[in-house]
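Chains as they are written, first to last, in my numbering: chain A, 1 to 249; chain B, 1 to 291.
Everything labelled a hint here was simulated from the structure, so no lab data went into it.
Just so it is clear, the structure is predicted and the values come from calculations on it, not from any experiment.
It cannot be assumed that every hint is accurate.
Taking lysine to any residue and the SDA-like style, the derived pairs with C-alpha atoms no more than 20 Å apart in a straight line are [to be verified]: (1) B/K228 x B/P282; (2) A/K121 x B/R152; (3) B/K235 x A/S148; (4) A/K128 x B/R152; (5) B/K81 x A/L57; (6) B/K228 x A/S148; (7) A/K121 x B/I245; (8) B/K228 x B/R238; (9) A/K141 x B/L150; (10) B/K268 x B/I211; (11) A/K229 x A/T40; (12) B/K27 x A/S148; (13) A/K121 x B/K228; (14) B/K27 x B/I245; (15) A/K122 x A/E139; (16) B/K83 x B/T95; (17) B/K81 x B/T182; (18) A/K185 x A/L160; (19) A/K121 x B/P282; (20) A/K122 x A/I142; (21) A/K141 x B/K81; (22) B/K83 x A/T55.
Given next are the chains, with one letter for each unit.
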Amino acid sequence: MLIINHISKIYNAGSDDEVRALQDVSVEVKKGEFLVVVGTNGSGKSTLLNLILGTILPTAGSVSIDGKTISHLPEHRRSPWVSMVFQNPANGTAPDLSIVENFRLAALRTGKKGLGIGNNKKFRQLVKEKVAALGMGLENKIDQSIGSLSGGQRQALTLLMGVMDKTSVLLMDEPTAALDPKSAKVVMELAEQINREMGITIILITHSMKDALQYGDRLIMFDAGKIVKDLNKDAKQSLTITELLEWFT
Amino acid sequence: MIQFYLTALQMALCLAPMAMGIFITMKVFNIPDITTDGSYTLGAAITAIMLTGGLPVSLALPACMLSGALAGTCTGIIHTKLKIDALLSGILVMTALYSINLIILGRSNIPLINTASIFIKSDWLGSELNGQLLTALTFVGIILTLLIYLLRTDFGIAMRASGNNPVMTKALGVNNDSIRITGLAVSNSLTGLSGFLVAQYQGFTDINMGIGIVITGLGSVLVADAIKQWFNVKKIGRQIMLVVIGCTVFQAVLAFTLSIGIDPNLLKLITATFVLLIVALPRLTAFTKHK
Ligand SMILES: Nc1ncnc2c1ncn2[C@@H]1O[C@H](COP(=O)(O)OP(=O)(O)OP(=O)(O)O)[C@@H](O)[C@H]1O
Ligand SMILES: [Mg+2]
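All chains, please: the whole structure from these sequences, using the hints.
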């Protein structure tokens, strides 16, 4: 369970360009839940995810996962609980390293990066199997630099990488924004599969109203740093795209 | 004549560890580190003082590498913890090391004659130089093997990824700061090793021997980079091997310029010009292609 407890975030506090990005936000996300987050530009969605990931620290309030308060930890120490898929696939991969090397690092997200050769036959086989399941034909290219792949291919791989090692929560900040519809579909279905089969909690930010309706089992909306709507699975299912669009007017 | 180029090869092999160190900071971590000038002389100074003091080579070697690592750690801490530009951090440590090296040496030059030496002195391989070449070759071989191994380990992958995309590695639980500090330590310990080798090879340690040595390392890495691009070398292990080749090419070019009778005082000018050429050439050709 992920608990956001009275979180506030003020950027540039006290100066002229002070921004109250989040104002006393509280929300509980159950284990295994697939939470979809929508909201206008600048409403604070990314800020919330970054607070959970640890790239920024809250001005007030706390974040806890599975009973452990993590909001004071530096980013690299939160890896046992949190994994992130960035909007730009380039952010989530080391372009000059090969596919299998990227996966190796992802598999060690919570573990020790030691002086053994972990990129061995067995591991390569595992990566081949995982990658083959994407149906993109990448299983024979695992020694190719990941930067040479298309954005869609890379994003699908980052998603797989995100769950190579144990994690409670998978954060996705507009993971399909840079992808064509077909690749976007692959990524979203993969997310759904990960959520269902592995029981990993997912928080997905999206500007695609279609995706917001089609995927996930809870929908919240941000506006001006606050949660203004919170729909459970049933309410979400009966929501139409016209109704959803009206929220933004 | 052949002897002349063999001497250049010998020098190249002695400098190769330093060049590999520069490869690590510059190519793996994307950090421009110029602590090198200082940590190179540091290695040579410690070698001189220990060997003239009658201590064995087997003690001087780890001492040189450890002190180089310490220098690199200082640069790393200044760079990551105090958030000071890597170039400036390197300059600071390098400058401080000049005084430290003077203190260690006690004077500006210490000859190493009739002291213990890592190099096989006998001419059992035909000539003295052959024995020296063999020693240097063994060293380079060992360092090369260790480095290739290191870069293939999980830690090595983390090193390379953190230089390539620090945003990603941070999210993957890598402490970018400490891995950078480690990288600088490894790199400068290799530089210290070069100082150790060169001091014994040339038979003296001079307080000014490190001035501009970073350019030699940089040049070697750039030559390696050019070869890498021509032949599209992807494997990291092969790229490191290319650095040794780059170092050899670099020394050969310098030897050639000297052999055609150019004033040795112009050596640094020639070195700098050569490096400039390697950097500029690809850009110039790209420019003409665009037209
Ligand atoms: N590093 C920062 N420094 C100052 N202000 C920031 C910073 N990051 C975000 N903000 C501001 O905080 C507010 C919330 O930004 P945030 O990125 O969370 O919005 P968002 O909901 O993710 O928007 P979008 O849909 O455009 O991605 C915005 O007004 C933004 O300008
Ligand atoms: Mg955003």
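Verification of the hints:
1. B/K228 x B/P282: 13 Å, holds
2. A/K121 x B/R152: Holds, at roughly 13 Å.
3. B/K235 x A/S148: Holds: B/K235 and A/S148 sit about 15 Å apart, inside 20 Å.
4. A/K128 x B/R152: It holds: about 19 Å lies between the C-alpha atoms, which stays within 20 Å.
5. B/K81 x A/L57: 19 Å, holds
6. B/K228 x A/S148: With Cα atoms ~17 Å apart, B/K228 and A/S148 stay inside 20 Å; holds.
7. A/K121 x B/I245: Violated: A/K121 and B/I245 sit about 31 Å apart, past 20 Å.
8. B/K228 x B/R238: Judged against 20 Å, a Cα distance of about 9 Å means the pair holds.
9. A/K141 x B/L150: The given pair, whose Cα atoms are some 24 Å apart, is violated under the 20 Å limit.
10. B/K268 x B/I211: Holds. B/K268 to B/I211 sits at ~10 Å (cutoff 20 Å).
11. A/K229 x A/T40: 13 Å, holds
12. B/K27 x A/S148: Answer holds: B/K27 to A/S148 is near 19 Å, not above 20 Å.
13. A/K121 x B/K228: 27 Å, violated
14. B/K27 x B/I245: 16 Å, holds
15. A/K122 x A/E139: The given pair, whose Cα atoms are some 14 Å apart, holds under the 20 Å limit.
16. B/K83 x B/T95: 19 Å, holds
17. B/K81 x B/T182: 13 Å, holds
18. A/K185 x A/L160: Holds - the C-alpha atoms of A/L160 and A/K185 are around 15 Å apart, at most 20 Å.
19. A/K121 x B/P282: At roughly 39 Å apart (the allowed maximum being 20 Å), B/P282 and A/K121 break the hint.
20. A/K122 x A/I142: Answer holds: A/K122 to A/I142 is near 14 Å, not above 20 Å.
21. A/K141 x B/K81: 39 Å, violated
22. B/K83 x A/T55: 17 Å, holds
The structure is inconsistent with the numbered hints 7, 9, 13, 19 and 21, although it conforms to all the rest.
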